[in-house]
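> Modelling step: build the complete structure from the supplied sequences, incorporating the hints.
There are 2 protein chains.
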Amino acid sequence: MKYSEKILNTPSSFIRNILKVTDAPDVISFAGGLPNPISFPIEDLQKSIHCAIEENGAKLFQYSTTEGYLPLRQYIADKYKKDYGLNFNPEDILITTGSQQALQLISQVLVNKGEGIVMEEPGYLGAIQAFTLAEPSFYSVQLKEDGLNVEQLENTLKHNQHIKFIYLVPNFHNPTGITYTKDNREAIYEVIKKYDVVLIEDDPYGELRWSGEKIPYIGAGRLENSVLLGSFSKIVTPGMRIGYMATKNKELMNHVNTAKQATDLHTNIFSQMIIHKYLVNNDLRSHIEKIVQLYKTQAETMLNAIAKYFPTYVNYTKPDGGMFIWVTLPEGTSSLDLFYKAMEEKVAFVPGDPFYTNKSNVNTFRLNYTNTSPEIIEEGIKRLGNILYSLSSEKQTV
Amino acid sequence: MKYSEKILNTPSSFIRNILKVTDAPDVISFAGGLPNPISFPIEDLQKSIHCAIEENGAKLFQYSTTEGYLPLRQYIADKYKKDYGLNFNPEDILITTGSQQALQLISQVLVNKGEGIVMEEPGYLGAIQAFTLAEPSFYSVQLKEDGLNVEQLENTLKHNQHIKFIYLVPNFHNPTGITYTKDNREAIYEVIKKYDVVLIEDDPYGELRWSGEKIPYIGAGRLENSVLLGSFSKIVTPGMRIGYMATKNKELMNHVNTAKQATDLHTNIFSQMIIHKYLVNNDLRSHIEKIVQLYKTQAETMLNAIAKYFPTYVNYTKPDGGMFIWVTLPEGTSSLDLFYKAMEEKVAFVPGDPFYTNKSNVNTFRLNYTNTSPEIIEEGIKRLGNILYSLSSEKQTV
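Going down the list, the sequences are from chains V and H. So that you can map any letter, position 299 of the first sequence is 299 in UniProt numbering, and since no number is skipped, the others follow by simple counting. So that you can map any letter, position 131 of the second sequence is 131 in UniProt numbering, and since no number is skipped, the others follow by simple counting.
Hints were generated in silico from the structure; no laboratory data involved. Any given hint could be a false lead.
Heads up, the list lumps identical chains together, so a pair's fine if it works in one copy or across two of them.
[Unchecked claim] Derived lysine-lysine pairs resembling BS3-like cross-links, with alpha carbons at most 25 Å apart:
#, residue 1, residue 2
1, K382, K158
2, K79, K144
3, K296, K6
4, K59, K382
5, K2, K113
6, K248, K6
7, K296, K214
Structural data, given as structure tokens:
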């Protein structure tokens, strides 16, 4: 039997595959991207379940509309207004089965085989997977410390006519932890506004900030073809798979809605109503503040441990929020080799390879700190440091 | 901005669009395909929610595996064994976001642009939508009273080399209510086994039988490339969007799993655990029996009303289960015209057009009886009958 070209080209998630190996209870894993389970507001969610059933009865259990639960869409529109001064209405919001689904739907709606998508390098591997199903040409634009390489972005857009969209994660980027500066965002906006492309700003981690001030989005509110993606996975629960897309472009929204119908009819309404009830009946701000304090402590623990245990020639990012630190080894060092050595010492992380569309055996890797206690973080980083030192002394003896 | 060819070719759901018109409280609607909300086991589900949280805590709220919750997959495998003697293991089962998602995933995995899909004529419009995103060539094979036109199926497979799969709904078919006979299934099997194609048997309504005996599947257990699709939407709740796919073909399963990862990471684990708890803690048989008795009464009421109020030249199917009756008007009569006249009298149904891949202005339409009380069914069919009589007298006077 023959399979489609698109599925043969789609990378199976390296992360999910290594998670199977690294899931053993004696392994210290910095590999996943899981929220800390102690951050789930289980008791308040239980109250919300009870409340939602009392109020809505059978409606929680029946088929529902493709666009999503209206009060939840209203809540999201209001939140964008309150937090960013953006003028969204409920009809500008579509509820998706996690924001992952929005990636798949938008690429299906915009991209014919061979047409272009601009990705950050490195970029979110789930996006690489979702987009690959649309059989695009990928164009990579490098990430720098302050955000995207704007010159390279402009060159890419200028010399390739068939680019349909640009996908960016400007806040606490996955995998690097980088946040685009305000100046970098302005420079990106000035470039993109000259081209007929869609800008997708994916923002699952934006609320998880412990340092610095919230920065306005690049395109939302001023680019005609602006799309924002958001999610309740990192601030309430990922298990319910509730994400959303926001755009003022009605034609695009209409097509994505049709694709959503064809894909799964509608998002779980039971979970939509529960999440909505949770959001209106609880103090979300103070709940998020607890998560932020938790992750801040974990991040600082990891950064301090890296400073203490890693050789000084190792570079790494220092995030202002989010879930990840990105480590860069000297040129020519393979993080995949390091991964296998680390697994022998029962420590796991994600080697950089799956975050690139056209590179392998890279010298970078991703560390997650949100799902491990400070003591374990210290121990895991210490072991990794020892391996790095032993690798560099091996090199010197060669 | 330009959109992809595949989305421009995807029909927006006629049903969902007319549901917006027919949703007014004074309209008698036979248009939807909704389960009767009085069939949802709300109290038992509430107990299951409580139980699932007590037992699993944070696991209900965390990210989970793409293939789905293992105990639920075990339950489904066991049920196939018990009900049909089929030898499925948990690794042969993938949990999907409703069985609608399985249609989208399988077509993405198998079909390159222009390759063939065999559909029933008429066929499930949600499948037409899902498959269209893979840009296939559709081949229609007619439905007859006893099932599929086997001769036409054989000719289609013989003369078209690039057909990747055949999609059938053999039990209480949507839209026609037809059930394939045992002989018809055998004849289909004898044809398909000679070709390198996948057979998808979609069975959302199979449990809803009030007349006759359960009939074995066509391909499951004997065709290498057999896929079964199932769902909890019609027997527990559609709001939680829990469907599944079963196949012994490991390579196919592996590719569908990758497509699922790329599409929405995994199905809502919170709902999977609740549904599982409901299934193991309750007597599903007796719950289904209640739904079956309810729908039997509604179907009989509608069939009796049709016999009483419709002109005798109108043909219609008499289902042994499921949710639909299919009506055929005399050649040359447009069911879309009838639809507009019926809406003036505040009665709605679905004209046949969206159930065909290459026909319009057809003389057929679909009636749903599961979501309306017997009194309302009688009144609605009476109004439709009056319109049909007035149409035929108009014709006679012309």
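> Hint by hint, say whether it matches the structure.
Hints versus structure:
1. Neither within a single protomer nor between protomers do K382 and K158 lie at most 25 Å apart by alpha-carbon distance, with minima of 47 Å and 65 Å respectively.
2. Proximity of K79 and K144 under a CA criterion of 25 Å is satisfied in neither setting, with 30 Å inside one chain copy and 54 Å between copies.
3. In the homo-oligomer, the alpha carbons of K296 and K6 never lie at most 25 Å apart, since the shortest distance is 40 Å inside one protomer and 45 Å across protomers.
4. Taking CA atoms no more than 25 Å apart as the test, K59 paired with K382 passes in neither setting, with 53 Å inside one copy and 29 Å between copies.
5. In this assembly of identical chains, the alpha carbons of K2 and K113 lie at most 25 Å apart whether taken from the same copy (19 Å) or from different copies (13 Å).
6. In this assembly of identical chains, K248 and K6 lie within 25 Å of each other by CA distance solely across copies; the values are 22 Å between and 30 Å within a copy.
7. In this assembly of identical chains, the alpha carbons of K296 and K214 lie at most 25 Å apart only when taken from the same copy (16 Å versus 59 Å across copies).
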